[in-house]
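**Student:** Make a model of the complete structure from these sequences and hints.
Protein chains: 4
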Amino acid sequence: MATTPTRVVIGVMGGGSADAAQEAKAYHLGRLIAKRGWVLLNGGRSAGIMEASARGAFEAGGLTVGVLPDADRRHLSPYIQIPILTGMGSARNYVNALSSDVVVACRGGAGTVSEVALALKHGRPVVLLDFDLSPVFPFYLDSGRLRWVATAEEAVIAIEAFLSAASPAA
Amino acid sequence: MATTPTRVVIGVMGGGSADAAQEAKAYHLGRLIAKRGWVLLNGGRSAGIMEASARGAFEAGGLTVGVLPDADRRHLSPYIQIPILTGMGSARNYVNALSSDVVVACRGGAGTVSEVALALKHGRPVVLLDFDLSPVFPFYLDSGRLRWVATAEEAVIAIEAFLSAASPAA
Amino acid sequence: MATTPTRVVIGVMGGGSADAAQEAKAYHLGRLIAKRGWVLLNGGRSAGIMEASARGAFEAGGLTVGVLPDADRRHLSPYIQIPILTGMGSARNYVNALSSDVVVACRGGAGTVSEVALALKHGRPVVLLDFDLSPVFPFYLDSGRLRWVATAEEAVIAIEAFLSAASPAA
Amino acid sequence: MATTPTRVVIGVMGGGSADAAQEAKAYHLGRLIAKRGWVLLNGGRSAGIMEASARGAFEAGGLTVGVLPDADRRHLSPYIQIPILTGMGSARNYVNALSSDVVVACRGGAGTVSEVALALKHGRPVVLLDFDLSPVFPFYLDSGRLRWVATAEEAVIAIEAFLSAASPAA
Chain A
0 MATTPTRVVI GVMGGGSADA AQEAKAYHLG RLIAKRGWVL LNGGRSAGIM
50 EASARGAFEA GGLTVGVLPD ADRRHLSPYI QIPILTGMGS ARNYVNALSS
100 DVVVACRGGA GTVSEVALAL KHGRPVVLLD FDLSPVFPFY LDSGRLRWVA
150 TAEEAVIAIE AFLSAASPAA
Chain B
0 MATTPTRVVI GVMGGGSADA AQEAKAYHLG RLIAKRGWVL LNGGRSAGIM
50 EASARGAFEA GGLTVGVLPD ADRRHLSPYI QIPILTGMGS ARNYVNALSS
100 DVVVACRGGA GTVSEVALAL KHGRPVVLLD FDLSPVFPFY LDSGRLRWVA
150 TAEEAVIAIE AFLSAASPAA
Chain C
0 MATTPTRVVI GVMGGGSADA AQEAKAYHLG RLIAKRGWVL LNGGRSAGIM
50 EASARGAFEA GGLTVGVLPD ADRRHLSPYI QIPILTGMGS ARNYVNALSS
100 DVVVACRGGA GTVSEVALAL KHGRPVVLLD FDLSPVFPFY LDSGRLRWVA
150 TAEEAVIAIE AFLSAASPAA
Chain D
0 MATTPTRVVI GVMGGGSADA AQEAKAYHLG RLIAKRGWVL LNGGRSAGIM
50 EASARGAFEA GGLTVGVLPD ADRRHLSPYI QIPILTGMGS ARNYVNALSS
100 DVVVACRGGA GTVSEVALAL KHGRPVVLLD FDLSPVFPFY LDSGRLRWVA
150 TAEEAVIAIE AFLSAASPAA
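Chains as they are written, first to last, in numbering that gives the first Met the number 0: chain A, 0 to 169; chain B, 0 to 169; chain C, 0 to 169; chain D, 0 to 169.
Worth flagging that the hints you see were computed from the coordinates, not collected in a lab.
There could be a bad hint or two in this list.
[What the hints assert, rightly or not] To be clear about the criterion: a stretch of chain D counts as covered by chain C if any three or more of its residues have a C-beta under 8 Å from a C-beta of chain C, and this derived list gives those stretches:
hint	segment
1	5-18
2	64-75
3	79-85
4	92-105
[What the hints assert, rightly or not] Here are some chain A residues the structure puts well away from chain D; computed CB gaps all over 10 Å:
hint	residue
5	Glu-58
6	Asp-69
7	Pro-77
8	Asp-129
9	Leu-162
[Stated by the list, open to error] Reference excerpt, derived from the structure (chain A facing chain C, CB under 7 Å, subset only):
hint	residue
10	Ala-70
11	Met-87
12	Gly-88
13	Ala-90
14	Gly-143
Beta carbons are placed, not taken as given, at the ideal position from N, Cα and C, and that holds for glycine.
**Tutor:** Structure (structure tokens):
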């Protein structure tokens, strides 16, 4: 076949509890991801950055994939179209990192930090959206695999730069 | 919101190596799944039942999700639109089982047997498509959670029966 | 160094609920494993074959490792010395299979079948102790990687045969 | 039974490549852990902090458990007595975190950061040994679940404080 139908998948990570300003950014980022035709992947739960980003993508007509820590759908966000039930707790953070062409990390706690760390370790580029982890990962900042941005619009520009730099056979 | 956008996900399991007749059944099953509007989920690799079922669903306009054992896309089927890279080897069989509303098992080896076993253990109904595991799981046959069928058309009828029996809040 | 200190690890799988005769066999097997100087590895919970085999090994002075599906110790058998908390549900069955030099499967349900299947798929020899899965895995019976025995003593003889056949560099 | 035989398990995390000074600290820490009668758990590979800490514990007569990312023993440290083969890549970092009563993190890269994050998220206390992650986890520093120390001796004092504070039923 001439072209692969494989979709671009953008992971959006962030806290299960977030303030209104952070949720607004995640919602807006979800909308922009959907409008670019990218699939939004997140942790799938009905809370915080997960809920906000899924709602943004869904309401803008995008496709949403939620990789849940749970073995059932009790905590599933209603804006997730494709739930992946891992039943593996935070081991699913590794799946989130690996499955994303680019990871965007909104402000979060230790779980979000683990996703950023796993993504960087396994070669996925990471965009920090108004979330300052620069003291932890100076190596990756220097190498250009980790970038900090302030807004959802800047995040999309950074994603596009990472995608166009990626080998198409990656 | 009035209705959840969550899609129905049908898992199709089966051997990485399969003969032409088995692959033809899996291809046909993939087509039927897509035509019903269900998402096809499988192991994602470019081999055997995985490749055949993904190609069938994709060519019929369906959405295909591949949950790979790998941490990269080297073995990804070109008919998979959404690759979930687990990097977890056969531990991904558990994810396949949990994420499927109904599992259809085509003929396979030990990996496929493990997926059937994990699906049954965790309450997912299983349709055996021309694959006889009845001596192993008499309990589940008796309870009606496991059914054997001969053709892809019969598999779809069995899937529909399981879906209509399922609690919508499951 | 002249020799590796790596211990031989024997996995004992089987149902979380078992009748008294099955538990007695598992207890006796645990004792024999400990007396041979092998480490006993099982699913770690305080129930059925897990509890019985751990108690047997512990009371005979052996070392017991429990690979739990849980993220905490609530269901931990008191006879497990080293709990490995996976927090991964039945995905831990894959860890059990891979970590065992030889797997002994006592009678069990779908979870035990999944462990036998995963062990065989990944090259670990399996001894079926009074548990008849022969119709499912004819290939492995023929290849000699799967053997059926009736008693704990016969299981130990089968384990020894597998261990002496194994490449020391495996 | 009067007392549980469950052993105290101390996780030692850190980079697969480390300089001589860091390896010397990890080796010394391994010795001290063994002399206290605690089990040493680490990532199991024959490299960096993993190799050094396992060698220290083993040479001091301790018990060593290695939770490997691999499905085979090719990269296994010769100082590991009980290899747990997860075959799950960095998803095993979650197992390391959960299975440790206390985690000690020596200097490392993104993988080590993910283990610290996962340990903190799931309630395991963490001792940072000459590894400064304080800007990332201010919440945990404030709550006392995260402590920074300069030497192996200080790490042992911090471990003892965490162990004596822990509920025995945890």
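**Student:** Now tell me if each hint is right for this structure.
**Tutor:** Okay, the hints, checked on the actual structure:
Closer than 8 Å: that is the beta-carbon criterion, and the segment 5-18 of chain D has 3 residues meeting it against chain C, so the requirement of 3 holds. Counting residues of the segment 64-75 of chain D whose C-beta sits closer than 8 Å to any C-beta of chain C gives 6, which meets the bar of three, so the coverage hint holds. Note: the segment 79-85 of chain D has 7 residues with beta-carbon separation from chain C under 8 Å; the three-residue rule is met and the coverage holds. Coverage of the segment 92-105 of chain D by chain C holds in this model, with 4 residues showing a Cβ closer than 8 Å to a Cβ of that chain against a need of three.
At the 10 Å boundary, the C-beta of Glu-58 (chain A) stays outside the reach of chain D, the nearest C-beta of that chain being 30 Å off. Residue placement check: Asp-69 (chain A) keeps its beta carbon more than 10 Å from all beta carbons of chain D (closest about 15 Å). For Pro-77 (chain A), the requirement that its beta carbon stay farther than 10 Å from each beta carbon of chain D is met, with the minimum near 25 Å. For Asp-129 (chain A), the shortest C-beta to C-beta distance to chain D comes to about 16 Å, beyond the 10 Å cut-off, and the non-interface label holds.
Listed as a non-interface residue, Leu-162 (chain A) keeps its Cβ farther than 10 Å from every Cβ of chain D; the least gap is roughly 21 Å. Look at Ala-70 (chain A): its Cβ gets to within about 6 Å of chain C, closer than 7 Å, so that hint holds up. With 7 Å as the threshold, the beta carbon of Met-87 (chain A) comes within range of chain C, its nearest partner Cβ sitting at about 4 Å, so the hint holds. For Gly-88 (chain A), the interface hint holds, the least distance from its beta-carbon to any beta-carbon of chain C being 4 Å, beneath 7 Å.
Here the hint on Ala-90 (chain A) is kept, as its CB sits about 6 Å from the closest CB of chain C, short of 7 Å. Because the closest C-beta pair between Gly-143 (chain A) and chain C is about 34 Å apart, greater than 7 Å, the hint is violated.
In terms of the numbered hints stated before, the structure departs from hint 14 and from no other.
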